[in-house]
Structure formats: structure tokens, C-alpha cells
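As you go down the protein sequences, you meet chains L and V in turn.
Numbering (numbering that gives the first Met the number 0) for the first sequence: 0 to 93.
Numbering (numbering that gives the first Met the number 0) for the second sequence: 0 to 325.
No lab work stands behind these hints, which were simulated from the structure alone.
Straight-line C-alpha distance at most 25 Å; calculated SDA-like pairs for lysine to any residue:
{"hint": "1", "chain 1": "V", "residue 1": "Lys100", "chain 2": "L", "residue 2": "Val83"}
{"hint": "2", "chain 1": "V", "residue 1": "Lys100", "chain 2": "L", "residue 2": "Arg66"}
{"hint": "3", "chain 1": "V", "residue 1": "Lys100", "chain 2": "L", "residue 2": "Gln81"}
{"hint": "4", "chain 1": "L", "residue 1": "Lys82", "chain 2": "L", "residue 2": "Gln15"}
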Amino acid sequence: MNTPSIELQIRQTLAQLLGPEVLGIDSQASFRDFLGERFDSLMAVEVITAVEDRFSIEVDYLSDDVRFWFETLDKMQRFVAQKVEDQLTLQAAE
Amino acid sequence: MFHTSGSSGAPRQWLRSRAQMEQEARLIYQRWAPEVSEIISFAPVSHSYGQILGETGARVNGAALQLCSFEQQQLPTLAGQGQCVILAIASTWKLLPALLKRLAGQRPLLVMHSASMLPPGALAVVQQFADAQVRFIEVLGSTETGAIAVRELDASSTPEQPWTLLDDVQLLTPAGQPAPLEIASPRIACEQGQACAAPSHCCDDLVQVLDPRRVQWLGRVSSLIKVNGVRLDLARLGAELGTLLGCASLACVPLRDGLRGEAYTIVLGDSSVSSGAVLAAFSHLPPGTPRPLHIHHVDHLPLSATGKPQAWAAASTVKEYTDVIR
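Isolated chain V, as found in the complex (with noise of 0.2 Å):
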């Protein structure tokens, strides 16, 4: 059972089945670590990456796990031998290059990344570190549907290199102009309450089709974002502060992040909501629910003709802070 936050604003539960994470977990592992002896996961097993690639990966494959936590500090042991496969999240990344430095040599090495988009920087060290022993893919999936795409990434890659379906997914997005990402799979979840899983999902994605196997990935359809591989959607997150504090001028622009690959930024229209309300705010919404960088006050912040803050203005608005790359 895997949760998320849902657009409405109620959480959904999402049932996918053991033989659904067996094959999931097969389909990846055999064809880019067949060999795979030892699985060093820094993603959560209350996730869906890191039970499906992490926890079922390693019963399937007969690999030992080690489930590390860069934010605690709880770091892998470097004594293992044979084929590793290291399952990175966005702060993963500020870790790899001495992680590589101790291992690049010593074993073949697959590094994956998934959960969120690859954090400023990541690429560096793809450059620095791939070759035929330490290879890189980052896996395209959401909750709701497990992996849907894979890509290599080598010294040559950039961020908009295309995306290949796996094996048992079908796309269903029409080719032309840029659409929302929907598939066909044999491994799309159950949501809870329902008899049985939908044969397709439309995803949050925006992609453009370059052939039937082939996406490119342009963005996202809606105000979510993935902070370090936490969902949140910035709409609703907005919605709730504002209401919590009773300010209607308050909106949460996204940016990225080094460390986190994505994250955002509160600004305040309303001088009289101060930053330590907006902080004490926090602890009326779920447990983990991510944290702001920032939180910027504004003169004026431009209202829709709803009365909702508009996001894009506030990006402007405080473009001398949030365009920056961390």
C-alpha cells in the first residue's frame, strides 16, 4: 500500500501487488544488473522506488540491501563485493562523488535515480564518473503506475535526452503537440476502494512523443512538485497556509534545488504574517510535509480575478531570489 497526497486534497492509497513489484523489480534489474549482488538504497521503503528497486529488488535477486539515509547520516559500508547498484534520490547526489571515488575500480557499478528530477549538478557527475564499469539510468514512474520509462545517462547526456518505455508499457498519448504523459501497464496500481487497477493512467507529466517507444519530458501538467522524492502540490500547500493564517495574499513558487532537485519558496503579500507564523503553521499539516527555502515578504502580490495568488507573478516578483540555481 503506497500513499499520496492527491490533487483534491484528500490522500489516496494505492494497492499494487506483490507479483506487480516482482515484475517491476525482474524487468529493471535484468536488463541493467543482472549480476546485481548488493543494493545500497538511499530511497525510502515507504516509497514506492525504494520497496519496489530496494526491498523487492534484493529479495528477487538474492542481493544484499543496505538501506541508507543521507538526511541521517546513516551511511553505507564500502566492504561488499561483486555488482552494486546504488538507488539515489535528489540528495544522493551531494554523496556520490565520494561514494564513486571509493568504488569506481573496485566493482561494476549501476547508479539509478528516480523519485524526482535530477538535482543541478547531477549531470557533473555523470561526466565525471561513467564509463563501461559505472553506468547511470534514471527511471521515470509515479506511484500510481511504478516505472513507466528509463534512460542512460553518459558523459554526452543533457537534460532534455529522450525517455524509452519499458518493455510492458504502451503509450497512449497521441503523437503532435505536447500532451499529458498516459500509458498502458500490466503494473498500474489499484487504488484503494476500487475492484481492480484502471488498464491505464494519465500522469502528471507533459511530454512530447518522438515515436511510439519514445518521449521527451517537458514538465509537469499541474503545481506539483517532488521535494528529495516527497510529492507536494505547491496549489494545495498554498491553499492550506493561506487558510491556517487567514492570508489570502501568500503563494508557494516552485525552484529548483541542488540538494533537494526541487523545492519552493513562500511570499507573502500580507506585512502583518510574519515568517515565524508561516513556520508554526507547519505544524498543523502532515508530519514531513516539505519545508520552504525561503520565505520572502513582497510589496504587492498580484491576485487572479478568483482572488487566487498567481504563481507565476510571484515567480516574477521575486525572480532576483528564486532564479538563481542552488
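Chain L on its own, in the form it takes in the complex (with noise of 0.2 Å):
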């Protein structure tokens, strides 16, 4: 069975969490934007909260630039696939 990519699984936990919009928002619109809209200003946290969960990750909010990496659905899959990446290489390297 093939591994949904990144951004699916992006989108498949962030629909869990905000409803099933997220499915078709295009990936590089403005997801502070869609927040904004229908949300409260921490769910923008929740948003990185689910990702951190859903990936087993850990986001550090005082050295990674999270205005940034998670302005777009986007630039979320890039900055997972970093995390991630440099997850596996710590654990290979312990």
C-alpha cells in the first residue's frame, strides 16, 4: 500500500481538526488567511500542534520560524519533510 504523501497527510489531519475545507484549499494560498476567517488566533497553534502529533515532531516556537513554514499548505510539507529528515538522520547517527 502506498504511503500518502506529506501534504495529504497534512491535509487529512488538519481536516480532522478544521473541517473538510482543508481538502481543497490550494496549496500555496494563505492558510492564516483561511484561519482568519472562520477561526480564533490559536488555532493557528492547534495547527502546528496537530502537524507536531500527526508527524512526531517537535516544533521549537523561539528557533523555528513558524509564521513562515506554516503560512501555506505548502511550505508545512517542506519544513515536515525537513523535520523528519532530520529526525531519521539522528537515529541513524545514535
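Put the two chains together into one complex, using the hints given.
See the structure below:
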């Protein structure tokens, strides 16, 4: 069975949190705008937490530029891919 | 001047003198952080907590002040030295582990929390970091009264831990059965239009008196909740939304939230009212009105004898959704 792409996994995860509209958002569209129209200011943090939990990664709010990396679905999938790769590299080195 | 929503619907304005605010800031800082050199505040200065323990606290102590917002990703720089006080609101606890990992061991720290219940998970952060150089206190207060009581949190703390009144606060609640918290204090605010402040105030908090200086907090008397520090009367909100939507079968049900401390969900017993229509109705409410975490449609929302939705019934109807600590 093929593993869904990171972007699809993000969409599925966020659809559970925010509703099925997430499945159809343009990957380059501003996610902040989408949230701002529907939810409160803390939902952006909920999004980050949901992505952390889905991929078992840890976002460091003080060193990761979350405003940039969580601006669009495309950036989110690039951020997650890098974090997962870093994690695998670290695990291989242990 | 501070604003509250008012339980009857009309906004109310409360005047607090500079002397009252300075007295409160000195009272707390002299007891808990007499050597403070920097305050990192996540509490908005438009709220009494952020104004008094942030801006006023920095002024009376000659301390540096960093105004931050986790929601807006306005995060502090960590280059300061000397004793540091972090003013936390509910959402700050998500960021605190990263902050404390960097600051603990570098300088003495005091984390203060106020303006809402501690979010689930906060005590785990306390257990991880509390020691002689990293201390945690929680301040119980309100816009009308200012700070009332304090409790220090440590690795053995539980949510039921008693509160100790501040030195200038007198407890008026009788001992015996659980009852609303009533206090007398020289720091009670003067409601606009009144000649002077009332000598005492009866709060929305339900307490059990343990002795003349200590109480245990049991909950709230009214349908008020504090969403990340923002007061919200759920009964009033439900009535306003119901009017805007022409929907009598609507209830706002409180729930605990890991990020906001408290939050709520909207339960609709009318399938003709869409979730989008509910969210659109918020544009007719005062800016900053906290949004619901969820909107649920149910087959039947029980009404009271007077035709009002029964929030307790709604809570049990959506128990499978709302009983989860997030």
C-alpha cells in the first residue's frame, strides 16, 4: 500500500481539526487567511500542534520560524519533510 | 479604565487609580520577586492583569518590560540578566517549556499565571521545572477587585490546592457550606458613574472557606468562562446568537482546553442553521468575542420550562465530543 504524501497527510490531519474545506485549499494559498476567517487567533497554534502529533516531530517556537513555515500547505510539507529527515539522520547516528 | 462584559449584557467600565495599581504591584513583587530586573509579559496591557503586574510592575520596580504575544508570534529576546518574571496567560503554557529550557539555570525565574484557570498540562510543566530558582505562582483576581489571593505551585501541587488571601484582603464569605467569594479590599475598582469604590465585592467564584485567610476554589457561580483570559458569559452569548440566527435551539457549552484554559462548543438542535451561518453571526458581535472550538448539530436539544436551551443537557448530549481534555 502506498504511503500518502506528506501534503495529503497534513490535509487529512487538519481536516479533522478544521473541517473538510482544508482538503480543497490551494497549497500556495495563505493558511492564515483561511484560519482568520473562521477561527480564533490560537487556532494557528492548534494547527502546529496537530502537525507535530501527526508526524511525531517537535516544533521549537523560539527557533523555528513558524510564521513562515506554516503560512501555506506547501511550506508546511517542506518543513515537515525537513524535520522528518533531520530526525531520521539523528536516529541513524545514535 | 478597564472593561467587563457585564452579566446583564451591558458593558461595564471600572476605574482603578494609579495608587491602587501601584499598591497591588508592590504587594506582589515585594513578596515574590523583590529583585526583579525584567518582566516578560504575555498578558495584554488592556487587561488589568497585564497592566498592573506588567506595565505598572515594571515601573514601580524599575524593571525592563518585554510585551509579548504567543498568538501573534511576538516572542521575547532572552538576553537579559537578573531575576526574571514571566507573566503567563493560558496559551503561554504551550511556549513555557521552550522558554524555561533556555532560561532555567541562567537566572532566577518566577512564572506568574492569572486571568484564567490553569490549562490542562500546566502542572506537568511545573513538575518538570520547579526548583529553588524557578518558582511558579498563580494569582486569583478579577477586573473589579484586582488580585485577591495567591498560591505557589510546586512539584506536589494539585488543582485543589488552597489559595491564601493577599495581606490587604479581608474574607467576608462565611465558613461552612460552599459560597460565592466575597471580599473587602482597598483595591476594589470604582464603577464608572459611582462616586467611590464599593468597600466589598461578591465575585463569580464559588469557594469553600478553610480558615480566615485560606479558601479552596470550587468553580464559578455564573455561566462566565475565561477563554485565554477573555471573559465570556456563555448564557448571554447563546441568547445573542440565538436572536441573530432566529434559532431558539442553541446552547454554548463550556469545556476545558489545553491552549485556552477554558473554551466552549456550540450545540445546535436546528439542522436548518449551518455552521457557516453561526460563524458569520460573530461578525455582529463585539470584536474579539472568542470563537467556539466546535459547532455540533444534534437531533434534539432539551429546552427548559421557559424555552431556554439547557446547557447541562447539551453537555451530556455531546459528551462524546466535549468530555475530552484537550
